[in-house]
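Participant: Listed below, chain by chain, are the residues.
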Amino acid sequence: MVNQLSDPRKEAGAKTILEVRHLTKTYGDLTVVKDINFAVPSGSTCAIVGPSGSGKTTLLGLCAGLDQPSEGNVFLDGTDIGALDENGRARERAENIGFVFQSFQLIPTLTALENVMVPMELRGKGGASTATKARELLERVGLGGRLAHYPSQLSGGEQQRTALARAFINQPKILFADEPTGNLDTETGRLVIDNLFALNASFGTTLVIVTHDSELAGRTGRVIRLKAGVIVPDT
Amino acid sequence: MIEVIQHLFRPWTWRMCWRDCRTNRGRLLLFSLSIVLGVAALAAIGSLGVNLNRAVEEQAKTLLGADLSISSRQSFSTNEERLFTQLGGEQARQIAFNSMVYFPSGDGTRLAQVRALSGGFPFYGRFETEPASAVEEFEKGLGALVEENLLIQFDAKPGGIVRIGRLSVPIAGALRKVPGESAALALISPRVYLPMKDVPATELLGKGTLARYTVFFKFPVGTDVGKLVKSIESQLDKFRLSSETVEKRKQDLGRAMENLYHFLNLAGLIALLLGGIGVAGAIHTHVKQKLPTAAILRCLGAPVSQTFAVYLAQGIALGLAGAILGALLGAIIQSALPQALKSFIPFDFEFRISWLAVGRAGAIGFCTCLLFALLPLLAIRRVSPLAALRVAWEPARAARDPLRWLVVGILFVAFFAFGLGQERDWRMALGFAGALGFVFATLAGTAVLLMRLVRKLVLPGLPFVFRQGLAGLHRPNNRTNLLIFSLGIGTFLLTSIAFIEHMLAGDMLISTGSGQANAILFDIQRGQLSGVSNLVAGLQLPVLDELPLVNMRISSIKGRDVESLLADKESHIPSWPLRREYRSTYTDHLRDAEHVIAGQWIGRTTNSDNVPISVEEDIAKDLRVGVGDKIVFDVQGLPITTRVASLRKIDWRRMEPNFFMLFPAGVLEEAPAMDVLVTRVTTSAQSAQLQRAMVKAFPNVSVIDLTMIVQTLDAIVNKVFFVIRFMALFTVLTGILVLISALVTGHFQRVRESVLLRTLGASSGQVFGILLVEYLSLGVVAALTGVILALGGAWALGQFVFHVHFAPEAAPIVLAFVIVPLLTGGVGLFMSRRILRYPPLELLRAEAG
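Going down the list, the sequences are from chains A and B.
For reference, each letter of the first sequence is one residue, going 15 to 249 in my numbering.
For reference, each letter of the second sequence is one residue, going -4 to 844 in my numbering.
Among the hints, a few may not be true.
Stated by the list, open to error - Simulated pairs of lysine to any residue, SDA-like, Cα-Cα distance not exceeding 20 angstroms:
no.: 1; chain 1: B; residue 1: 283; chain 2: A; residue 2: 147
no.: 2; chain 1: A; residue 1: 139; chain 2: B; residue 2: 12
no.: 3; chain 1: A; residue 1: 139; chain 2: B; residue 2: 735
no.: 4; chain 1: A; residue 1: 48; chain 2: A; residue 2: 101
no.: 5; chain 1: A; residue 1: 139; chain 2: B; residue 2: 21
no.: 6; chain 1: A; residue 1: 139; chain 2: B; residue 2: 13
no.: 7; chain 1: A; residue 1: 48; chain 2: A; residue 2: 106
no.: 8; chain 1: A; residue 1: 139; chain 2: B; residue 2: 283
no.: 9; chain 1: A; residue 1: 241; chain 2: A; residue 2: 117
no.: 10; chain 1: A; residue 1: 147; chain 2: B; residue 2: 7
no.: 11; chain 1: A; residue 1: 139; chain 2: B; residue 2: 234
no.: 12; chain 1: B; residue 1: 283; chain 2: A; residue 2: 117
no.: 13; chain 1: B; residue 1: 192; chain 2: B; residue 2: 165
As the list claims (entries may be wrong) - Derived Cβ-Cβ restraints for the label pairs, each shown as a range:
no.: 14; chain 1: A; residue 1: 212; chain 2: B; residue 2: 13; range: 32 to 42 angstroms
no.: 15; chain 1: B; residue 1: 466; chain 2: A; residue 2: 138; range: 45 to 55 angstroms
no.: 16; chain 1: B; residue 1: 14; chain 2: A; residue 2: 217; range: 41 to 51 angstroms
Keep in mind that the hints were calculated from the coordinates and are not lab data.
Beta carbons: idealized from backbone N, C-alpha and C, even for Gly.
Sequences and hints are given; from them, build the entire structure.
Facilitator: Written as structure tokens, this is what we have:
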């Protein structure tokens, strides 16, 4: 089968962090993704590309446990997240997963520092050490002077860098980024991506990026192409 | 649920709750104001209730002025006097009767209740008079105490003279307050206290005069009055004496106060309910704005319970703020309630804040607010983390959420329980909750219908401004539901009050309408009838009717004597129609105000052994008699056996002499009787002239001027309506607050699209027009729904409660259709003024912050 990839664990000998088996998602009569199979080794980078409506974001949502598959399984670090209840999936997200969104998705009523601290606070690990860590992360992405700013007081690039800091604060095993440069100009986008890869390398996080940007996709170790809900082979 | 509660005890939940509402705190506080007035009303009324109960307890003895009173419609017999002697204690006597009183100084007369008094009554409490020393003069037998408003009406003063029958007596002072009697009573029947020794000189107490004889007792401290009364109960029944103890008066008064308290409470509850709806509407908008944040939190790993707890904490904080503010406001304004109600409360009392009542109102307000807030807050549970990825994500439909229906059920049960607490009758409570449910369902149904109708109505020919404005009624983020609710309920309440006022006032007008009798002369002795008739004719007044009055009591019904019926608790016949003295007439024809509804009217008989009488339908129900049943009357010592030949329906609203028992001609002609003469006066001057002439020539004859009674009743009804309006004010102000709150939330929803329109080149005028069309449409539909509900409600009240024909008045309808849309449009545009005035970019930046 075209979309049946070989097991990367066997290929690289690395531990598989994400494994997708026969994944299908339908909404009523509409099948958005169909019989998807792939695996992502721990610490690797991977891009999911494809035209609009090809099911990229749906696939990302399923992989991150944001939605329930209609058929098939998603194993995250060996755990079938589709079999978990909503609270179990939330726990997985809090402990193992990080997110970066196209539209940044910072909480508008929190300052940059508070936004970055939220994932730790949700795990009951707020406090001075988390604040210090959040401050360090914001400094690393160049926002040391913007700690007390609200999202509305930050530029798009600054907001996305804050989102990056937030995504890495709980040192997730895997980070999902949905069009992280989609709302940014080229220059700012490049800066954000540099930050993303630098942090990823630093924390050893697995990175799964959904993108239209071929340059960005080219920087990942692997590209999965989607078309009409199925994986297409490289030409 | 347990997890949600656990999260509520975690500091992060509250920290996040506080941080999350940073930019909305002012708005949230505004939302909480919706319940403030409802809570304030409940707090004030609750305090009033506590104060009234305390006052009744503290002043129990002064409510009656004695430990025990025993009274009769006839002067006491030797046997009765013997009973009183056995009872012992200190005693005082009173004879009360109605009579014309004449003030020579102002040449004015009026029917008053004359109370001749001897002994030390009141034993507890005291008369309030002006000057205060007047009481001592009265006790020394040096003059009469006259109701203050009578003195004012006839420009009479202490030291002047009042004539009662043949007696002219100095006025010792103005009577302001009698222990245990309300000021409203004085309006209906002004009181004149006369020393007992002066009664014979009035020459008013002839045979057949309707008077009430009372003996008041004061017993030594420690006497168990209840036990004492119980021990003489059979004798009281035998002599047909009625008794009253402090405990009984306290219960009666407590019940009356409780009714007043419950009525006011219901009004407060409706205000609170409306506020709750306002909170639900505002939170609905708030939650919609917060869904993206909830989705982000869910994405970041917050479980449903934790995310929900954050927003529930906001609902709790909002409810607490509203409850605390309301309770404080209630504590401040509660001192206004006794002022508004003083005419109805028969005692003075010191007003103290009841913190228990304030706390209870706060708790009720908090729970109401929280329950109403929960309805929209539940949507937070349905937020999927996917919403952070997809902007177009829609939450699951609320209608399918079982918890939502559970909350609606709890709200219904809570209001049913509240109704039950007020009415102590599950049918009334169910009726209350059901009526509220019906009104809400109608308003909600109207809103849904309006939205569907506007959506389906494609009117391409309409100008852009109209199309856009009307589309605002159904498109996403519309406020149709909320505004139709709040405005509709406000309109419904206010127009209902106006309709009821008009209906009752109109009914009184009809009852004394043109051509009908409006003055009744009674207590005419047999030999005086032609003289009185001539005097009336001499004043160019028509003699519309002449009726003999014969006093009688019931001896037995269907073969059972009254004593055994009174003793039989299973008879289910109330004691008052068995004990009372009936003033009946005999006639060969029925009058306009009455008609037969069962059996046959017989106008003349010669059979004095089985007299065919006609009984009024309601008293027949009370006495449990029907056509064919036998009743034996004691006509001043002579037994007369009758059978019920017919039942009559009487239009009591016609203020004419009407009778429970109507005898045919041919039986009672020889019985001792008084006469009544009915006439019609057209001006107050004519009425005064008649009264003056009558009091001079026939001082024992009393004149009832019905127009004056109607005016008096009108004054009392006005007082009642004042109280209703006072309470409705809470509801109306709440409605306005809800309106403002709804428009503020709506404003935030409308800013973006209005700014977009302006960016695309729409003029301020066009944006103004679009908003105006939307607000005016909402106002008109809300007014229409409210008016229709009010018409239905007023009709039902007229039909089933007041038994009055309801003809809707145009003025409240017109006012509703003018004021409600104008208010909606005015407030709406005022709230939107920034959209029209500022450059789009500036606004977008401000709103984003």
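Participant: Against each hint, give a clear statement of whether it holds in the structure.
Facilitator: Hint check:
| no. | hint | verdict |
| --- | --- | --- |
| 1 | B/283 - A/147 | 33 angstroms, violated |
| 2 | A/139 - B/12 | 17 angstroms, holds |
| 3 | A/139 - B/735 | 42 angstroms, violated |
| 4 | A/48 - A/101 | 26 angstroms, violated |
| 5 | A/139 - B/21 | 31 angstroms, violated |
| 6 | A/139 - B/13 | 19 angstroms, holds |
| 7 | A/48 - A/106 | 24 angstroms, violated |
| 8 | A/139 - B/283 | 29 angstroms, violated |
| 9 | A/241 - A/117 | 24 angstroms, violated |
| 10 | A/147 - B/7 | 18 angstroms, holds |
| 11 | A/139 - B/234 | 87 angstroms, violated |
| 12 | B/283 - A/117 | 18 angstroms, holds |
| 13 | B/192 - B/165 | 14 angstroms, holds |
| 14 | A/212 - B/13: 32 to 42 angstroms | 34 angstroms, holds |
| 15 | B/466 - A/138: 45 to 55 angstroms | 48 angstroms, holds |
| 16 | B/14 - A/217: 41 to 51 angstroms | 27 angstroms, violated |
This entry does not satisfy hints 1, 3, 4, 5, 7, 8, 9, 11, 16, going by the numbered hints stated previously.
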